[in-house]
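Given chain V, work out where chain D should sit, using these hints.
Protein chains: 2
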Amino acid sequence: MTLHSSVYSSSDLLPALDGDLKTLNFLQEVVDILLAYIVESFDRSTKVIDFHYPNELLQRNNWELSDEPETLDDILISCRATLKYAIKTAHPRYFNQLSTGLDMVGLAADWLTSTANTNMFTYEVAPVFVLLEYVTLKKMREIIGWENGRGDGIFSPGGAISNMYAMLLARYKMFPEVKEKGMSSVPKLVAFTSEHSHFSIKKGAAALGIGTESVICIKADERGKMIPSDLERRIVEAKQKGYVPFFVSATAGTTVYGAFDPLIAISDICKKYGIWMHVDGAWGGSLLMSRKHRWKLNGVERANSMTWNPHKMMAVPLQCSALLVREEVSGLMQSCNQMHACYLFQQDKHYDLSYDTGDKALQCGRHVDIFKLWLMWRAKVWRVFTPQHTNVCFWYLPPGLRYVEDKVEKMKRLHKVAPTIKARMMEYGTTMVSYQPQGDKVNFFRMVISNPAATFEDIDFLIEEIERLGQDL
Amino acid sequence: MTLHSSVYSSSDLLPALDGDLKTLNFLQEVVDILLAYIVESFDRSTKVIDFHYPNELLQRNNWELSDEPETLDDILISCRATLKYAIKTAHPRYFNQLSTGLDMVGLAADWLTSTANTNMFTYEVAPVFVLLEYVTLKKMREIIGWENGRGDGIFSPGGAISNMYAMLLARYKMFPEVKEKGMSSVPKLVAFTSEHSHFSIKKGAAALGIGTESVICIKADERGKMIPSDLERRIVEAKQKGYVPFFVSATAGTTVYGAFDPLIAISDICKKYGIWMHVDGAWGGSLLMSRKHRWKLNGVERANSMTWNPHKMMAVPLQCSALLVREEVSGLMQSCNQMHACYLFQQDKHYDLSYDTGDKALQCGRHVDIFKLWLMWRAKVWRVFTPQHTNVCFWYLPPGLRYVEDKVEKMKRLHKVAPTIKARMMEYGTTMVSYQPQGDKVNFFRMVISNPAATFEDIDFLIEEIERLGQDL
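Going line by line, the protein sequences match chains V and D.
Under the numbering used here, the first sequence has 429 at position 429, and the numbering climbs by one with no breaks.
Under the numbering used here, the second sequence has 38 at position 38, and the numbering climbs by one with no breaks.
Extracted from the complex, chain V is given alone in its bound form (with noise of 0.2 angstroms):
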């Protein structure tokens, strides 16, 4: 008899507490489902996207939750429904977002990692997936330059959360009275990024209680790279109005021109006036595994912490995001999360508990995340991935506005052409990009290059539908 004999009364339908026959075919009808759904998504001749306005979609179909269980039947029905509204992120014409593509590897692990289904905060209930974290971390701090792969790192739900912690543990190690006593214990903190870096420096800053104002945007050339002098002139007027600077986040891969710091510099300036430098890697932290492109991050080896999604360029599934630490004082990490909660971290386990990480963490219950980059590591040659010009932003002139004199109206009117087409775009379903405006620059096309499965056929063929969607505008 079950404990919980009424927890499942539609249990007859829905074994669900064994593994007996029925539910491994109900598990092998789900895989062919998926597994068709994967041939599909690979396949030019089918559309990226299915789309509908959400009003649409939800009208669709019944995605309502009612008293009723459903039958085993209704729920694979559920799946279709479910996957084929979905956008098949995996088509070799989806270039929307920096992570695109589907990898194969990682995929398998992430089904063993769901079926593995435990939690990171203790070796107790993850022993495997703790040590190749530990394992994973090691490396890539190798990787970095750090020696010996010395240090300390976690993986964390995405780059907002990496950057936070590395504000966060900038903070600390200035002020470790802040953990008790709060902001009102230490002077006015200001952080530093350039104009061009990732929004979550400023989220970070807001949550953490230091103020988006607090983070400065320092200048950047035309390229997108912040420019150092600007940022020695910016620490120096903070400084004489009686602010202590303790955060700088360069950045490795601007989200929008795909731009790098130039880290040397920058990380002479933070070593002169005693500041945490920050590298904000997480779309071009991968370029470290690229024998040809690494210069690009050559000083990294100088932060004091890295955030890096091998998410991204590394095509590892969502979600993957590394913080690395160069701890010069040790256990820095440990000590500033910690809270000793004692039905978790117990001193008098009998193992070495220096692999119960959670306590470092800011979350308590924390996804297995490291096995799907695990994995795909032992299976692929990172080290020769060569991408080039991954970020490629541009305008597309329709006919119609090619000669039109009026600089203001001819503006005016490309704004609209990238938001048109792109609507058009996903109505016919037939590829995705993205678009966005820069400074007083107008609506531009945002074409990242990082889905494995593109051929050059087909950037030909989003050249040649935005010329076809956009001919008439």
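It is possible that some hints are incorrect.
Any copy will do: because identical chains look the same in the list, a pair fits if it lies in one copy or spans two.
In silico DMTMM-like links for lysine to aspartate or glutamate, alpha-carbon gap of 20 angstroms or less [what the hints assert, rightly or not]: (1) Lys139 with Glu70; (2) Lys139 with Glu213; (3) Lys239 with Asp460; (4) Lys22 with Asp32; (5) Lys47 with Asp20; (6) Lys188 with Glu177; (7) Lys441 with Asp221; (8) Lys441 with Asp406; (9) Lys219 with Glu142; (10) Lys349 with Glu465; (11) Lys139 with Asp67.
For the record, the hints were derived by calculation from the structure and aren't laboratory data.
What follows is chain D alone, placed relative to chain V:
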């Protein structure tokens, strides 16, 4: 010709770029391994854990990352090795955490989620999942008792982050200038929670720059419930000192005892003093689904926010945590966290932008955690969920300790009993249960019954196993 032809130079071994037969066969082989693991996990004659100490486990297998790619066969071997040393969290005798068991519909849903491999930040790239989150959050708010399911919410990477969101919102609602100007612009804030509450409240306060000393711990009664009169006394005291009480976190289902704070009395106090009331129902929130037990959360409908983790009592695979907000100020979450990134949240898109939920998150990219909950909800009759005594804390008094007269000596020895038995339990691998001390109570076992596969016989087995392993102590 592929753009990344050299990326996967091992691609003769692992095409991984399209849905060809070799790829599908590989995936099916992985699925076969996973299905066999599932059958084994539910088999009581297998071990819960094949335990090895960290250094030993590091040496038992080659986990290293080399520069040489593995073959497909090697990859399958790595999968098998990983599962061999993983904890069988689905095993009917695994009781170690609040999250236990493995639901087959939830697992299928997680496999689908991995295959769809997308990101929750915009409707554009996750139309179905964004709608399912919308539908499910609304349903959860209806169940809480908020009028017409009105309000806001988000799925976050775990209860600790959900609680942190609540604290962030409470602070922002009272002092919106904190977003730009930081904590130095506001008076000294204080938060209140019971001494039995989860450590994430203090962890959140540390991160947000509030400081752990500004979290005032309210006394709990002998059953672990917050004492409302002590809460009011401490609020008055704080106000007299010139501090500003801004946040009370009541707990619905404490981590150790499973106690429910008296929400109605607490809400009266919060209302009287104008304080944001949060309910941390990470563990006990799911009792709202039970007609018989939902009275334990009476008053939750008066709260401003609630954390509710379906990955705990509802057995949804990890991770699945919701923060729900009864938003009086419209768009509070959005205005608290938004940064208007123009590469993601373009305002000139062609669909209803209220479905682009990403800017209200602390994260940028956000994993799809909704589908497993939604699909399980469709498959089950949650409402008949009737757990009883989910947390049972007890000591085991070995024969040799029963007649020890010296109380100090007895407690000192009793303190070592649970860790010793737990260590032996793991070495035998027969079952797993948690232990801890609490206040002046020496180490006791904390038995949590949330594994749907467990029967009365499994509980009997645990008790007998504790006796067997502890009789010589």
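Here is what the structure says about each hint:
1. Lys139 with Glu70: between (47 angstroms within a copy, 17 angstroms between copies)
2. Lys139 with Glu213: Result: close neither inside a copy nor across copies, 37 angstroms intra and 38 angstroms inter.
3. Lys239 with Asp460: Close neither inside one copy (52 angstroms) nor across copies (67 angstroms); limit 20 angstroms.
4. Lys22 with Asp32: both (15 angstroms within a copy, 15 angstroms between copies)
5. Lys47 with Asp20: Close across copies (19 angstroms), not inside one copy (38 angstroms); limit 20 angstroms.
6. Lys188 with Glu177: Cα proximity of lysine 188 and glutamate 177: in one copy and across copies (14 angstroms, 15 angstroms).
7. Lys441 with Asp221: within (14 angstroms within a copy, 63 angstroms between copies)
8. Lys441 with Asp406: Intra 16 angstroms, inter 81 angstroms, cutoff 20 angstroms: intra-copy only.
9. Lys219 with Glu142: neither (32 angstroms within a copy, 48 angstroms between copies)
10. Lys349 with Glu465: between (62 angstroms within a copy, 19 angstroms between copies)
11. Lys139 with Asp67: Only across copies: lysine 139 and aspartate 67 sit 11 angstroms apart there, 50 angstroms inside one copy, limit 20 angstroms.
Of the numbered hints given earlier, the model fails hints 2, 3, 9; all others are met.
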